[in-house]
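Protein sequences appear in the order of chains L and H.
Residues in the first sequence are numbered from 56 upward in steps of one, following my numbering.
Residues in the second sequence are numbered from 56 upward in steps of one, following my numbering.
It should be emphasised that the hints constitute simulated quantities derived from the structure, not laboratory data.
Certain hints may be false.
[Said to hold, decoys possible] Derived BS3-like pairs (lysine-lysine); straight-line CA-CA distance at most 30 Å:
(1) Lys280(H) <-> Lys75(H)
(2) Lys376(H) <-> Lys332(H)
(3) Lys448(L) <-> Lys422(L)
(4) Lys146(H) <-> Lys165(L)
(5) Lys220(H) <-> Lys146(H)
(6) Lys165(H) <-> Lys75(L)
(7) Lys280(L) <-> Lys75(L)
(8) Lys280(H) <-> Lys165(H)
(9) Lys419(H) <-> Lys448(H)
(10) Lys376(L) <-> Lys422(L)
(11) Lys75(H) <-> Lys165(L)
(12) Lys146(L) <-> Lys165(H)
[Unchecked claim] Partial chain H-side listing against chain L, Cβ under 10 Å, derived:
(13) Met98
(14) Leu105
(15) Thr127
(16) Ala137
(17) Ala147
(18) Arg269
Note that CB positions come from ideal geometry on N, CA and C, so glycine has one too.
2 protein chains.
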Amino acid sequence: MALIVQKYGGTSVGSTDRIKNVARRVAHHHRRGHQLVVVVSAMSGETNRLLELAREISANPYPRELDVIAATGEQVTIGLLAIALQELGLKARSYTGAQVRILTDNAHTKARILEIDEANMRRDLDNGVIVIVAGFQGVDAAGNITTLGRGGSDTSGVALAAALKADECQIYTDVDGVYTTDPRIVPEARRLATITFEEMLEMASLGSKVLQIRSVEFAGKYRVKLRVLSSFDEPESTASGTLITFEEDDSMEQAIISGIAFNRDEAKISVMGVPDKPGIAYAILGPVAAANLDVDMIVQNIGESGHTDFSFTVNRSEYQKALDVLALERGHGFAAREIIGDNRICKVSVVGIGMRSHTGIASKMFKALAEEGINMQMISTSEIKISIVIDEKYLELAVRVLHRAFELENEPG
Amino acid sequence: MALIVQKYGGTSVGSTDRIKNVARRVAHHHRRGHQLVVVVSAMSGETNRLLELAREISANPYPRELDVIAATGEQVTIGLLAIALQELGLKARSYTGAQVRILTDNAHTKARILEIDEANMRRDLDNGVIVIVAGFQGVDAAGNITTLGRGGSDTSGVALAAALKADECQIYTDVDGVYTTDPRIVPEARRLATITFEEMLEMASLGSKVLQIRSVEFAGKYRVKLRVLSSFDEPESTASGTLITFEEDDSMEQAIISGIAFNRDEAKISVMGVPDKPGIAYAILGPVAAANLDVDMIVQNIGESGHTDFSFTVNRSEYQKALDVLALERGHGFAAREIIGDNRICKVSVVGIGMRSHTGIASKMFKALAEEGINMQMISTSEIKISIVIDEKYLELAVRVLHRAFELENEPG
Numbered sequence: 056m057a058l059i060v061q062k063y064g065g066t067s068v069g070s071t072d073r074i075k076n077v078a079r080r081v082a083h084h085h086r087r088g089h090q091l092v093v094v095v096s097a098m099s100g101e102t103n104r105l106l107e108l109a110r111e112i113s114a115n116p117y118p119r120e121l122d123v124i125a126a127t128g129e130q131v132t133i134g135l136l137a138i139a140l141q142e143l144g145l146k147a148r149s150y151t152g153a154q155v156r157i158l159t160d161n162a163h164t165k166a167r168i169l170e171i172d173e174a175n176m177r178r179d180l181d182n183g184v185i186v187i188v189a190g191f192q193g194v195d196a197a198g199n200i201t202t203l204g205r206g207g208s209d210t211s212g213v214a215l216a217a218a219l220k221a222d223e224c225q226i227y228t229d230v231d232g233v234y235t236t237d238p239r240i241v242p243e244a245r246r247l248a249t250i251t252f253e254e255m256l257e258m259a260s261l262g263s264k265v266l267q268i269r270s271v272e273f274a275g276k277y278r279v280k281l282r283v284l285s286s287f288d289e290p291e292s293t294a295s296g297t298l299i300t301f302e303e304d305d306s307m308e309q310a311i312i313s314g315i316a317f318n319r320d321e322a323k324i325s326v327m328g329v330p331d332k333p334g335i336a337y338a339i340l341g342p343v344a345a346a347n348l349d350v351d352m353i354v355q356n357i358g359e360s361g362h363t364d365f366s367f368t369v370n371r372s373e374y375q376k377a378l379d380v381l382a383l384e385r386g387h388g389f390a391a392r393e394i395i396g397d398n399r400i401c402k403v404s405v406v407g408i409g410m411r412s413h414t415g416i417a418s419k420m421f422k423a424l425a426e427e428g429i430n431m432q433m434i435s436t437s438e439i440k441i442s443i444v445i446d447e448k449y450l451e452l453a454v455r456v457l458h459r460a461f462e463l464e465n466e467p468g
Numbered sequence: 056m057a058l059i060v061q062k063y064g065g066t067s068v069g070s071t072d073r074i075k076n077v078a079r080r081v082a083h084h085h086r087r088g089h090q091l092v093v094v095v096s097a098m099s100g101e102t103n104r105l106l107e108l109a110r111e112i113s114a115n116p117y118p119r120e121l122d123v124i125a126a127t128g129e130q131v132t133i134g135l136l137a138i139a140l141q142e143l144g145l146k147a148r149s150y151t152g153a154q155v156r157i158l159t160d161n162a163h164t165k166a167r168i169l170e171i172d173e174a175n176m177r178r179d180l181d182n183g184v185i186v187i188v189a190g191f192q193g194v195d196a197a198g199n200i201t202t203l204g205r206g207g208s209d210t211s212g213v214a215l216a217a218a219l220k221a222d223e224c225q226i227y228t229d230v231d232g233v234y235t236t237d238p239r240i241v242p243e244a245r246r247l248a249t250i251t252f253e254e255m256l257e258m259a260s261l262g263s264k265v266l267q268i269r270s271v272e273f274a275g276k277y278r279v280k281l282r283v284l285s286s287f288d289e290p291e292s293t294a295s296g297t298l299i300t301f302e303e304d305d306s307m308e309q310a311i312i313s314g315i316a317f318n319r320d321e322a323k324i325s326v327m328g329v330p331d332k333p334g335i336a337y338a339i340l341g342p343v344a345a346a347n348l349d350v351d352m353i354v355q356n357i358g359e360s361g362h363t364d365f366s367f368t369v370n371r372s373e374y375q376k377a378l379d380v381l382a383l384e385r386g387h388g389f390a391a392r393e394i395i396g397d398n399r400i401c402k403v404s405v406v407g408i409g410m411r412s413h414t415g416i417a418s419k420m421f422k423a424l425a426e427e428g429i430n431m432q433m434i435s436t437s438e439i440k441i442s443i444v445i446d447e448k449y450l451e452l453a454v455r456v457l458h459r460a461f462e463l464e465n466e467p468g
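Go ahead and model the full structure; you've got the sequences and the hints to work with.
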């Protein structure tokens, strides 16, 4: 008998029929003798509908009251799922965030979980009751309703699993796991049976978007076994999904490379011919950060004759704003020969915990791209990934070439 | 400066525009220096939508979970109204039933209020904050969400007024007060400036439907000054409405008759020629009550030669069931010459606290009806009302005739 926390997102509970499906899936696991805590999101579209009502009244509604309104979305779903389980003859009880007592700070609309009281849930579980918890919400020390921000239901699931020391936290979504890359680009893309926590972080932040990044960090911090599965497959077939592990030697035959991630949402800016002296990076990026623009890749090369070139990428939607900030600063904060940019680029990354102990990954990557005539505009590396910036038009080609070069279509071993 | 509890029903908060209107009305009272507690229902249609979702999943959903779902309707409205008030530059804070701590018993979907904690609301009021409370809901001692049943928001309003010892409880609805009768039948019908608690009970239970009957009883028990007003009139003009009083001498010039109530939803059953002996009423009505059928008027006349006739009225929708029960019982529980019924009747009542001390009301009533050739099939009297059963087709005529006979179109005095 295991204690399992399952989390179902908005699409999985998007209609009463789908809620009945979730109930059948939960019942299936219950019949196998598992104790179950089920975390649910609002029915898809519901949170947007509620926030739209608030926006009809105020362009800038008070966050405390927004949370009061938004939290009702999940409250409806927990009641409906409890009824669906009772209809199957099972014992089930719903909990709002306040009823569990998921204590958060008071940062309305983006609160952080401080503590979870497990007493009520534990009593129910011991009595064979299936516990259903509203995701995305909590309560602050003064009794105010709080929400964790968009996608916060994943975090709720992981936090509950941590508090209850659950054997596994299963995140049900509309994909059946984490793939070596996007199957729409590479049909041979393969579902990974396991992926390490660090790889998952790189994959998620690089745009794989399967899990909310904060929930993965949370799982890492509390060593929660996290599994991504599809809520649309048959219960039996989804026992697999992708397991996110925290031990590098979980698998005897660890692949060198786990996957190819990519991101179309970036733009590149280069500040050419700046003085090669201490403080120049800060002189350029300080104003950008002060304007609240997020910077992703940063590359600086060795300069010649006392000058160097400095490049970085920003979110594509903030490209023009970043250029404006630099134009304003040029001549004051720093001197530069030229500032150039390109918003038709993309980033492609090779990710794998195995590259730590294997040399030659970069050369294999660069050779594969060179053979197809794809020019790399920027290169950036970390311990477990190599990212490049290329012309946007080569995105699909580059992903396919790299997927093949690292033989990701084959099981490792 | 007065402390006023205002309650707005589903129609008054049926859209974000209407919620903004309510906010302006509340702001108007706030500017006059009053402390305000505002109780709101769910937006019209919302409670039905929520219950329908539950019914799509189960024909017989668990009441605890129904309450979890239904309570979200009011929770959305309190958040929206708080935002609308903040948008007008006022301080406002929303409270769910659990956040106030409106403690109820655990009779889900029809819970009764046991106790209200006024501490949080009082602190807000003292700080100039407008308090907004979700109607219809509370929390039981174990922390479960409960609801008070349909129309329970009126009861929430009155209970809060009682707990806070408010100067007045104002119930805003889509009519602007209690009328001498239905203005759709008698265009000259006049709004009553005051009505006594006992008259209101008779008017409401006889089908006037302005206020939920339980809230009126509650107001009587705790001596809450209750006023019915329209939420669609201008704030100034509705300072009047109808005040429900608990002192008979509140008004120097008390009218003898306050209004004419009526009800089309009844059917009449007569059990003819039953033995005129003790226990016969119970022999007939016992089985009817055991079948959970509500009985309204009961009339038994003096009999002749050891036999009597026994008549009563039931809800029209339960007419056939009542006949079936009696047919089954006849010859076992009681003997009867004949059982006859009529489901095309109506009840018309003359209501007035003044008739206690005035004779001749009945004769004036009967004379007026006789002059129009309206035959009375049943007559029943209480201290402050006289009810008659007549053929349904005479309903409008009878109401008009009686309204004129008692000169209800004129202010008393």
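Given hint lysine 422(L) paired with lysine 376(L) - CA-CA distance at most 30 Å
Violated, because 36 Å separates the two Cα atoms, which is more than 30 Å.
Review point. Is the hinted pair lysine 448(L) and lysine 422(L) satisfied, with a Cα-Cα distance of at most 30 Å?
Key: Given that 30 Å is the threshold and the Cα spacing comes to 19 Å, the pair holds.
Notebook entry, point to check: Has the given pair, lysine 146(L) with lysine 165(H), been kept, meaning a C-alpha gap of at most 30 Å?
Noted result: holds, 22 Å
Between lysine 146(H) and lysine 165(L), is the straight-line Cα distance small enough, at 30 Å or below? Distance of about 23 Å is within 30 Å: holds.
Check: Does the interface hint hold: is alanine 147(H) within less than 10 Å of chain L, judged Cβ to Cβ?
Finding: Constraint on alanine 147(H) satisfied, holds at 8 Å.
*Is the Cα-Cα distance between lysine 165(H) and lysine 75(L) 30 Å or less?*
holds, 27 Å
Check your understanding: Is the straight-line distance between the alpha-carbon of lysine 280(H) and that of lysine 75(H) 30 Å or less?
Key -> holds, 27 Å
Go through the hint on leucine 105(H) and say holds or violated, using the shortest Cβ distance to chain L against 10 Å. holds, 7 Å
Review point. Does lysine 280(L) pair with lysine 75(L) here, judged by a C-alpha cut-off of 30 Å?
Key: holds, 27 Å
message = Less than 10 Å between beta-carbons is the criterion; does methionine 98(H) satisfy it with respect to chain L?
response = holds, 9 Å
Hint validity - threonine 127(H) Cβ closer than 10 Å to any chain L Cβ: Hint holds; threonine 127(H) Cβ to chain L Cβ min 4 Å, cut 10 Å.
Checklist entry - Does the structure keep lysine 280(H) and lysine 165(H) at a Cα separation of 30 Å or less? => result holds, 24 Å
Hint check: violations occur at hints 10 and 18; the rest are consistent with the structure.
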